[in-house]
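Chemist: Sequence:
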Amino acid sequence: MRAVHKRYLREFFPAMLGYVVLILMYGVLVPRTGSVAARAVLAILPLLPIVLLIRAMIRVIRDQDELERRIDLEAIAIAAMSTAFGFFSFGLLLSAGIGWKVAPDAVAIWVLPCLFGTFGIAKLFVSWRYRNP
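Once you know that position 87 of the sequence shown is 86 in numbering that gives the first Met the number 0, the rest is easy, because the numbers rise by one and skip nothing.
It is possible that part of the hints are untrue.
[What the hints assert, rightly or not] Have a look at the derived ranges for each label pair, beta carbon to beta carbon:
1) G90 <-> R69: 21 to 27 Å
2) D64 <-> L123: 15 to 21 Å
3) L16 <-> V40: 16 to 22 Å
4) L93 <-> R130: 27 to 33 Å
5) A76 <-> L46: 22 to 28 Å
6) D62 <-> L23: 29 to 35 Å
7) V40 <-> R128: 40 to 46 Å
I should point out that these hints are in silico values taken from the structure, not numbers from a laboratory.
Computed from a predicted model, the values in this text were never measured in an experiment.
Glycine residues also receive a C-beta, built at the ideal position from the N, C-alpha and C atoms.
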């Protein structure tokens, strides 16, 4: 494993651990908190490790070689377009009264996890394409 990827993992895992701890804390404490300001702080706290994660992703992409960077950027483009298309389609169906009755906040909270998940899947396919011409 190259040094750039080792650094990424050193930055990724603490950020994800922080995210998991803070999102669990959010889930437990928000229903018990009456203050709007306290709920706002609890809602924002899980974003701090996500900022660190985004920073780590940008750094690893910036410091990779050209092929790795191309694979990641193609995967990001595919993931962004797929996620946007999926959520836009879902929004149109919801606005037409088709499908589940879902609150908008319940949909919005899934955009980033879906984006990261589709990035992982897209990266597998793009990497495979470059390895098997």
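Chemist: Give a verdict on every hint.
Modeler: Consistency of the hints with the structure:
At about 32 Å, the CB distance of G90 to R69 disagrees with the hint of 21 to 27 Å. The given range of 15 to 21 Å is respected by D64 and L123, whose C-beta atoms sit roughly 19 Å from each other. Between L16 and V40 the C-beta distance comes to about 20 Å, which sits within the given range of 16 to 22 Å. Checked against the given bound of 27 to 33 Å, the beta carbons of L93 and R130, roughly 39 Å apart, lie outside it.
The given range of 22 to 28 Å is respected by A76 and L46, whose C-beta atoms sit roughly 24 Å from each other. In this structure, D62 and L23 meet the distance hint of 29 to 35 Å, their C-beta atoms being roughly 32 Å apart. At roughly 44 Å, the beta-carbon separation of V40 and R128 lies within the given 40 to 46 Å, and the hint holds.
Hint violations for this structure: numbers 1, 4, all remaining hints satisfied.
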